[in-house]
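My numbering numbers the first residue of the sequence shown as 69 and each following residue consecutively.
Just so you know, these hints were derived from the structure itself, not from any lab. Any given hint could turn out to be false.
To be verified - Restricting the straight-line Cα-Cα distance to at most 20 Å, the calculated cross-link-like pairs of lysine-lysine (PhoX-like) are:
hint, residue 1, residue 2
1, 349, 367
2, 309, 363
3, 119, 89
4, 498, 476
5, 876, 851
6, 309, 331
7, 211, 236
8, 1097, 1000
9, 89, 104
10, 822, 748
11, 590, 403
12, 367, 590
13, 758, 748
14, 419, 236
15, 403, 431
16, 1097, 997
17, 1011, 997
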Amino acid sequence: MSQVVVDEAIISLLSDKTVSKDIFITFLDLLAFCTKDTTPYFSPKVFEAAKRCALQCFHGGLNQTLPGVILWYIEQQAEAFPTPESISSLVEANIRVGSGGYDAAWRTLLWLENDWNIEPQPMWITSLSHWQQALGAQDRIDKNQQVTMYSSFNLRMICHHALGDYQKGYDLAQNLFEGLDDDERRNTAHWATAAAWHMGDFDTMADYLAFHPRGTSKSLYKAIIDIHNEQYASAFYHINKAQSLSYDELQMQLGAGHQVALKSLAKTEFLVELQEAIQYKSQPELRPTILATWKTRFKRSHADANSWLKRLQIWTLACSPKTFELQACFLDTAKLCESEGMHEAAQSIIKRITPNVTPPGCKVEYTKLRLQWEDVFQRYDRNGMEAVFERLYIHTHRFLGYINVNKKELEASASGLQPLSEIENLDISKRQIIARRYYRLGEWTAILQGSEWLKDQGSTVLTYTSLAAKMDVSWYEAAFSLAERSVTLFESNGFSSSDGVAICSYIVPALRSLFQAARTKKSQEFVIKALLRLVTLWFRFGESQAVLVEVENQLNITDVEPWLSAIPQLIARLGTPQKDLQYTLIKLLKSISSHYPHAVIWPLLTATQTRKVEHQEAARVIMDYICSMPDGTRLVDQAELVGGELIRTSTSWLEKWRGIIDRFLPRQDLMEIRWHDIPKIWEEDLKMLKNPETPDEHQFVLQYGHQLHLVDRTLVRYNSIRELNLVNKAYSTLYGLYGEVEAQLNQWRLPGMKLYLASTAPRLLTLRDCILTVPGLYDPHIKLDDQAFIDRFQPAVHILSSKQLPRKLTIQSNLFDHTFLLKGNEDLRGDERIMQLFNLINTLLNHRSDAFGRNLHLLPYEVVPLSPSAGLVNWVSNTHQLQSMIQANRDKHKRNALTNRELGSLLGYDPDVFNPNHPKLDAPAEMDKYDKLLLPTKVQRLKAALSHSNQSDIKDVLWQRSPSADIWIRRRTNFARTVGVASFAGYIIGLGDRHGSNILVDQLTWGALHIDFGDLFNVAQERSFLPEKVPFRLTRMMTNAFELASQGDLNTPGSRGTFKQASLITMDVLRDSRSTLLAMLEAFLYDPLLSWTSSQNNISGAAQIEEAAPKVGTSLEGLKSETGRNKSSESAQSQQSETKNLSIQDDSHTSQQLDNSVISTCLRTDSYMARVSCAGMTNSKALQVLTQIERKLVGLPNANSEQPLSVDNQVQELIKEATDLQNLSQGYVLGWIPHW
């Protein structure tokens, strides 16, 4: 059969109106699948017919689910012909594919409105949950209507219901419902019924319910009416029927997303509570238990305003809304409604629960004042704020008088550390009432006074806050606020750490408050915030005896469990030279070890490996303490065995000596280290050759030991007689040795190379009966017997072919196999801290409903340092580097010549003849030349590189690797969202060097995962040579992989769509959580282990950056020059002058500096940690970095900015910077590859 006949048959089938929609969808799926191959299976006419067919299948209501393949065709059509009609179809299609398309739909809708001046349909806006905007759009339409249309009535009923404005919905239904036809009544009966229920009109509710379609909701509403009428048998019948139907609904909605699933789950809880309402009314003896159950269930439920409003309404079937036991639930709902813009709902709740006679200290009155304050504060109404403040002041004074507490005496005893004698006999509920009032008085006073509160001689703000913290010692907010205000006053008054009076007046109370905050039952992110702030203050003022005494006393009454989240920060401080401070810290770590030895064993093992003697000895004291515990000696011995052997496996003697020899060889005839100094420098390393412990080490000694000792003796002799021929002899031998070792290591880079533990670390294979948990997997909340203990190690270790030759090893536990990346010559302690930060950010995102609903998250992974130069990284399976995905796509389709043309244009060569391997490209020299170009020339070259393709590689790979269009939609959405979250989290911490090899993509979910945190705190942007100008990576290749709204007709790609929405939410969460993030980053920046002193032989200029640059692809395999060999003479001369007096002071082998950690990059570059030789990070520099981060978190984009940007404007400006060709054309373009 000819191709023409096949094409015509398919076109005919797609045009046949008698064919069912399911068959159409199957053929459309098949044709879409055929596009994944570059070879065309069908003619263009077939695909045109498929697009027309897709548009026919597209017709339907917004609530009818659309197959993902239809969206694919509609997007293809809109991309080819971006007309108002095609973009309108795209909006509807994104709405109908489900929650994964809502952000794309909203941004496409705005595109239609802004670029074509077309008013969006109000029902589109309603479907995307923008209720107020939908009502506004409907108002504009209704102005031109003589009568109210059904569509307007339906939309308004939906929006009023969603906003909790049931009165308006009820009134609207009363006026218009009777005038609808039966179909229209059925479609709107749900909203009308709900409105009547919330207004307490059960007769009208029953009338509306008669038109309600059958289903769970109808049975639920029938049960509600029955309970109101005390017809309990009928109510139970309808409840059981609703429960049966709800199970079917849950099954159908399993893949519908978080929000739908949570609402369905809430509905099942409502049915349970209807049964309990019957029990409450019919069995009075159960009422206290039921009220307690409702209150507990409410606290554990997901914070959704509409669900909470329904829950409260169910309760009122059984009891009054003024029931005291439920008052807190009603108030919490009112506050949630107000925070979500549901003002009428909040006011309605307050009105319903306000008592007829307001007692002193009434919580309802207090909540009403808080809501009034929020209103006037948002409007910047100072007179209004002063009026509300005055009412709160009177409210508080009235309550104090009611409970016979003298206000003046109480406030006079607020300062200092003594407890409040005035409240000794008060019960906890009254204390809590006073605490909340004083906390708000302090907060509002600070707002009204502005910066003047710091100059207030009476310290009114501090007095109020101190009273709040003392009144309720279990309240986190008051305790932490007192600490912050105390430290702020200390610093603003310029007190020094030697001022004992100021320390006792401000710092000691601050420390006590932070301990108090850590003891509260607040969620994890708040506790870690308090602890990290505490650690910083503790060690900053630890020389004070008053501080030490306070810390000792507080440690005695504080549980050790909260400290588990701060173990890395505690162990980092073990080397403090202040003995009293060190003693207290060791005592704390001993206490933690006694309860959770598995939690501290790996960090302690790393601490024993540091070069700092004080640090080693302190860690050893704690290890010895663990040995005194039952099974402690066995645990420590096993940890030392496993840790030591893993470190041995991470860096072989071949790699170690390759680095040593490489360091000593002259570079371009300039000697960095004097020949006669070498024997002293490598003395310890040579001694180790006398005691090889493994077969591999024996083999190395046999092969190279004699020659190394010969060189050593030659140089020792040269030191005595200074004969030049001895140097020549030593040089010749070393150079030959280097070549042999390098050749052997090059064999390791071949695919499939393995090391075998039998010859590399045989002691690991002898490990038996292990009580040591798998590194990084200990969970203190799980019983010890259920932990993952090491069972054995797989005997073969795979060698990866990247520069540092990391190993892939598998540890088998009693539960599963656990795969790790074992990295040598790298300090992973910095990466460990970044993962700690990422986990904190994930917690913050999970607590925001809009972020939680979109599953916004970072993708952290477990990092376990074993020593300052080795560690384990949890193996993230099914991930590919972004860059390798692009290259693999080009290899697959034989488009490597395209890569060469792009690179040739970027470097200024003829793209048609350029080949980086013939002759071999000198990368450092090319970058030196590129750096000297004028900016317009760089931009012109980047444009030329971009002109060779449409930058669709990532987009193509995403489509080709997705089994179906529905999975393609989910993956594309997840890719855009995770890129957005990671980009803005990275921007805050100044993360640079985001080339394509430092971003991994999960091939199952298409989540973007960042690795290599070597350039933090704007190091890449501040370096002197080829500084980066972009805040994060957002190239055309990436934005083209997002949905059409992110790229179509935009001067700034990425400024619309899913990526933009994820970015906005993330930035909003980060800015709202500013103090929490700064607490962790402050501890990070002041961490002594992350600011070591070192006189490195710096690799500067292009060679320095090229060292860590990725390969562009297989066609550029020879791009990288031999490490450190191709330096310009100026770099070499500069280097020689800087390293005349070389000293080895850092915690790892200086000859094998790290490529992939915070420390290494800071030591190799002109960063804040290594500005001056032999000087660690100073407090002033840490403060500068923190200030820079804080400015980002308040919306100040640069040092000259005075007016903060809104979140929206800040995000848009950063996206502009990231996609600006001028910025992309700068930096180390050969490794960063801005055209990809």
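How the hints compare with the structure:
1. 349 / 367: Cα-Cα ~23 Å, so violated.
2. 309 / 363: 26 Å, violated
3. 119 / 89: 14 Å, holds
4. 498 / 476: 18 Å, holds
5. 876 / 851: 29 Å, violated
6. 309 / 331: Holds: residue 309 and residue 331 sit about 18 Å apart, inside 20 Å.
7. 211 / 236: With Cα atoms ~19 Å apart, residue 211 and residue 236 stay inside 20 Å; holds.
8. 1097 / 1000: Judged against 20 Å, a Cα distance of about 16 Å means the pair holds.
9. 89 / 104: 23 Å, violated
10. 822 / 748: 35 Å, violated
11. 590 / 403: 19 Å, holds
12. 367 / 590: At roughly 14 Å apart (the allowed maximum being 20 Å), residue 590 and residue 367 satisfy the hint.
13. 758 / 748: Holds: residue 758 and residue 748 sit about 17 Å apart, inside 20 Å.
14. 419 / 236: 16 Å, holds
15. 403 / 431: Holds: residue 403 and residue 431 sit about 12 Å apart, inside 20 Å.
16. 1097 / 997: 18 Å, holds
17. 1011 / 997: 18 Å, holds
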